[in-house]
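So the chains spell out like this:
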Amino acid sequence: MDGSGDPNAARKAWLSVLAKAQAADVAALWVEAGYAPDHEVLRAPEIGAVMVRGRAGAVGAPFNLGEMTVTRCSVRLASGEVGHGYVQGRGKDHAVQAALTDALMQTADAPAVEAAIVAPLRDAAGAKRATRAAKAAATKVNFFTMVRGED
Amino acid sequence: MYVAVKGGEKAIDAAHAWLAEERRGPEDVAELSVDQIKGQLKLAVNRVMAEGSLYDPDLAALAIKQARGDLIEAIFLIRAYRTTLPRFGGSTPVDTETMACDRRVSATFKDAPGGQVLGPTFDYTHRLLDFKLAADGEAPSAPERAEMPETKPHIMSFLDREDLIQPEPEGPETPPDLTREPLELPANRPLRLQSLTRGDEGFILGMAYSTQRGYARNHAFVAELRIGTCAVEMDIPELGFAIEVGEVELTECETVNQFQGSKTEPPQFTRGYGLVFGMCERKAISMALVDRALRWKELGEDNVGAPAQDEEFVLYHADNIQATGFLEHIKLPHYVDFQSELELIRKLRREAIGNVRQEAAE
Numbered sequence: 001m002d003g004s005g006d007p008n009a010a011r012k013a014w015l016s017v018l019a020k021a022q023a024a025d026v027a028a029l030w031v032e033a034g035y036a037p038d039h040e041v042l043r044a045p046e047i048g049a050v051m052v053r054g055r056a057g058a059v060g061a062p063f064n065l066g067e068m069t070v071t072r073c074s075v076r077l078a079s080g081e082v083g084h085g086y087v088q089g090r091g092k093d094h095a096v097q098a099a100l101t102d103a104l105m106q107t108a109d110a111p112a113v114e115a116a117i118v119a120p121l122r123d124a125a126g127a128k129r130a131t132r133a134a135k136a137a138a139t140k141v142n143f144f145t146m147v148r149g150e151d
Numbered sequence: 152m153y154v155a156v157k158g159g160e161k162a163i164d165a166a167h168a169w170l171a172e173e174r175r176g177p178e179d180v181a182e183l184s185v186d187q188i189k190g191q192l193k194l195a196v197n198r199v200m201a202e203g204s205l206y207d208p209d210l211a212a213l214a215i216k217q218a219r220g221d222l223i224e225a226i227f228l229i230r231a232y233r234t235t236l237p238r239f240g241g242s243t244p245v246d247t248e249t250m251a252c253d254r255r256v257s258a259t260f261k262d263a264p265g266g267q268v269l270g271p272t273f274d275y276t277h278r279l280l281d282f283k284l285a286a287d288g289e290a291p292s293a294p295e296r297a298e299m300p301e302t303k304p305h306i307m308s309f310l311d312r313e314d315l316i317q318p319e320p321e322g323p324e325t326p327p328d329l330t331r332e333p334l335e336l337p338a339n340r341p342l343r344l345q346s347l348t349r350g351d352e353g354f355i356l357g358m359a360y361s362t363q364r365g366y367a368r369n370h371a372f373v374a375e376l377r378i379g380t381c382a383v384e385m386d387i388p389e390l391g392f393a394i395e396v397g398e399v400e401l402t403e404c405e406t407v408n409q410f411q412g413s414k415t416e417p418p419q420f421t422r423g424y425g426l427v428f429g430m431c432e433r434k435a436i437s438m439a440l441v442d443r444a445l446r447w448k449e450l451g452e453d454n455v456g457a458p459a460q461d462e463e464f465v466l467y468h469a470d471n472i473q474a475t476g477f478l479e480h481i482k483l484p485h486y487v488d489f490q491s492e493l494e495l496i497r498k499l500r501r502e503a504i505g506n507v508r509q510e511a512a513e
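Residue numbers (my numbering), protein chains in the order written: chain Y, 1 to 151; chain U, 152 to 513.
If you're looking for bench data, these hints aren't it; they were derived computationally from the structure.
Accuracy of the hints is not assured; some may be wrong.
Simulated pairs of lysine-lysine, DSS-like, Cα-Cα distance not exceeding 25 angstroms [what the hints assert, rightly or not]:
1. Y:Lys-128 to U:Lys-261
2. Y:Lys-140 to U:Lys-261
3. Y:Lys-20 to U:Lys-261
4. Y:Lys-140 to Y:Lys-128
5. U:Lys-216 to U:Lys-193
6. Y:Lys-135 to Y:Lys-20
7. U:Lys-193 to Y:Lys-135
8. Y:Lys-12 to Y:Lys-128
9. Y:Lys-135 to U:Lys-448
10. U:Lys-193 to U:Lys-161
11. Y:Lys-135 to U:Lys-261
12. Y:Lys-135 to U:Lys-283
13. Y:Lys-92 to U:Lys-189
14. Y:Lys-20 to U:Lys-448
15. U:Lys-216 to U:Lys-189
16. Y:Lys-128 to U:Lys-189
17. U:Lys-216 to Y:Lys-92
18. U:Lys-193 to Y:Lys-140
Derived DEER-like restraints, expressed as beta-carbon distance ranges [said to hold, decoys possible]:
19. Y:Lys-140 to U:Gln-187: 28 to 36 angstroms
20. U:Thr-415 to Y:Asp-93: 37 to 45 angstroms
21. Y:Val-141 to U:Pro-291: 13 to 21 angstroms
22. Y:Ala-78 to U:Thr-243: 29 to 37 angstroms
Ideal placement from N, C-alpha and C gives every residue a C-beta, glycine not left out.
Based on the sequences and whatever the hints tell you, model everything.
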């Protein structure tokens, strides 16, 4: 996907889109797509925390910055594919839908699931990001150093 | 010593009911929604997330509503909730170099590659009350400018190339965690940074200000201040690789300080570092200044006895939940304690007055 040769790049990309999406957006697309695949729940949705780390001086020793809420869930489709959902926040439905989407993306239906769920979420996130970037660009300045009083 | 007492249940229930009513405020005014707090009091939400040490804007907004706008009380609620969550793991350190910046300024290089981006800042406002806001004034829409995305390398990396800045040493992949192990001294830098980032903004600001006024002699420049979002990536054992599990808004501040050199280090610039959840610029700058002051030992500087150099003083008093817990407990029933104090003072007075009388009689 990004040409890096990482065999997991495509899956990482859709999992990232699902994790960062708004729960309400995922739910709306899921309902609209009308997917109801047969599955068993391997890990019921669980709310927890991930300790976010930074680096001293941005490049040095790692340190603990604080936690963020994350909800996770794992499912197995009747056809055998295992899907994992790790999503930001406390949305249990969000985590289930992410896990099911991850599983479906490993089946022959992947192109349809990509078009119905992943692509719209990715586009929405991209548009939001582009708008913020454009607003930031409008506040870009050039400072001029004024000549100081001659000595 | 606090001693448990019985009784007062009815009074407590009535107090809680009244608290709920007072929180709601006048009923002829629309109730504040959690979404309104999240969207319109975002900097308060950010502070609660930073000091509550939990990134979740919905929870922070709820806490602010429940706490009637008392941010330390809201932070307390978040800290309490946080302890109920199972820990899924630790993220790989966020890569702030790839931050999608809303704001990015440097006070040291005017022609910073990637540019100076002001973002939605209070700087350059006149700090005059805007009465239009009280009269439902509509907000103007922010202008946009299409631009090719530009990378924004850390300003510090330019100094690094010339060896003019002290290098940052590597550290263990899993840093110490003061939410799991009690804070012990001496604390290494990762532990100090964790303590500072969740510390009280007012306290850290005061400490930072003291260094500027001469207590620790660290003249800092803001080499770079950036605010924006960073992806959070974590290794997922069941997948066998790392994925992004979300994204957080962060404020990062890197300061550069002049350093004359010491017995062990050549003259070069040194660094202070601040990284805080949300848009918390004052806090990030303060954190960087205090971080730098606390580094005197590892940089071979003299301890000039400044409060900001005293790690025990700074780290043990930075946490507003610990502080308020201990401070506010003194208003709770101490009747037994006080009873014995009362007995003692009466006895001492009896003796003292007795002595005076005796002297007078002699």
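Exercise. Between Lys-12 of chain Y and Lys-128 of chain Y, is the straight-line Cα distance small enough, at 25 angstroms or below?
Worked result: Within the cut-off at roughly 21 angstroms; holds.
For this session: Compare the distance between the alpha carbons of Lys-135 of chain Y and Lys-261 of chain U with 25 angstroms, and conclude whether the hinted pair is satisfied.
Result: Given that 25 angstroms is the threshold and the Cα spacing comes to 21 angstroms, the pair holds.
For this session: Decide if the proposed pair is consistent with the structure: Lys-140 of chain Y and Lys-261 of chain U, CA atoms, cutoff 25 angstroms inclusive.
Result: Holds - the C-alpha atoms of Lys-261 of chain U and Lys-140 of chain Y are around 12 angstroms apart, at most 25 angstroms.
Exercise. Is the hinted pair Lys-216 of chain U and Lys-189 of chain U satisfied, with a Cα-Cα distance of at most 25 angstroms?
Worked result: Answer holds: Lys-216 of chain U to Lys-189 of chain U is near 10 angstroms, not above 25 angstroms.
For this session: Return holds or violated for the Cβ distance of Lys-140 of chain Y and Gln-187 of chain U against the range 28 to 36 angstroms.
Result: Holds - the Cβ-Cβ distance for Lys-140 of chain Y and Gln-187 of chain U, about 31 angstroms, lies within 28 to 36 angstroms.
For this session: Please work out if Lys-140 of chain Y and Lys-128 of chain Y have their alpha carbons no farther apart than 25 angstroms.
Result: Holds. Lys-140 of chain Y to Lys-128 of chain Y sits at ~19 angstroms (cutoff 25 angstroms).
Exercise. Taking only the CA atoms, is the gap from Lys-128 of chain Y to Lys-261 of chain U under or equal to 25 angstroms?
Worked result: Outside the cut-off at roughly 29 angstroms; violated.
Problem set entry | Hint consistency between Lys-216 of chain U and Lys-92 of chain Y [alpha-carbon to alpha-carbon, up to 25 angstroms] | Status holds; Cα separation ~24 angstroms.
Exercise. Are Lys-128 of chain Y and Lys-189 of chain U close enough, with their CA atoms no more than 25 angstroms apart?
Worked result: Distance of about 18 angstroms is within 25 angstroms: holds.
Problem set entry | Proposed proximity, Lys-135 of chain Y with Lys-193 of chain U (alpha carbon, max 25 angstroms) | holds, 18 angstroms
Problem set entry | Distance restraint between Lys-216 of chain U and Lys-193 of chain U, which requires alpha-carbon spacing of 25 angstroms or less | holds, 13 angstroms
Exercise. Lying within 37 to 45 angstroms: is that true of the beta-carbon distance Thr-415 of chain U to Asp-93 of chain Y?
Worked result: Since the Cβ atoms of Thr-415 of chain U and Asp-93 of chain Y sit about 57 angstroms apart, the hinted range of 37 to 45 angstroms is violated.
Consistency note: the structure conflicts with the earlier hints numbered 1, 3, 9, 10, 14 and 20.
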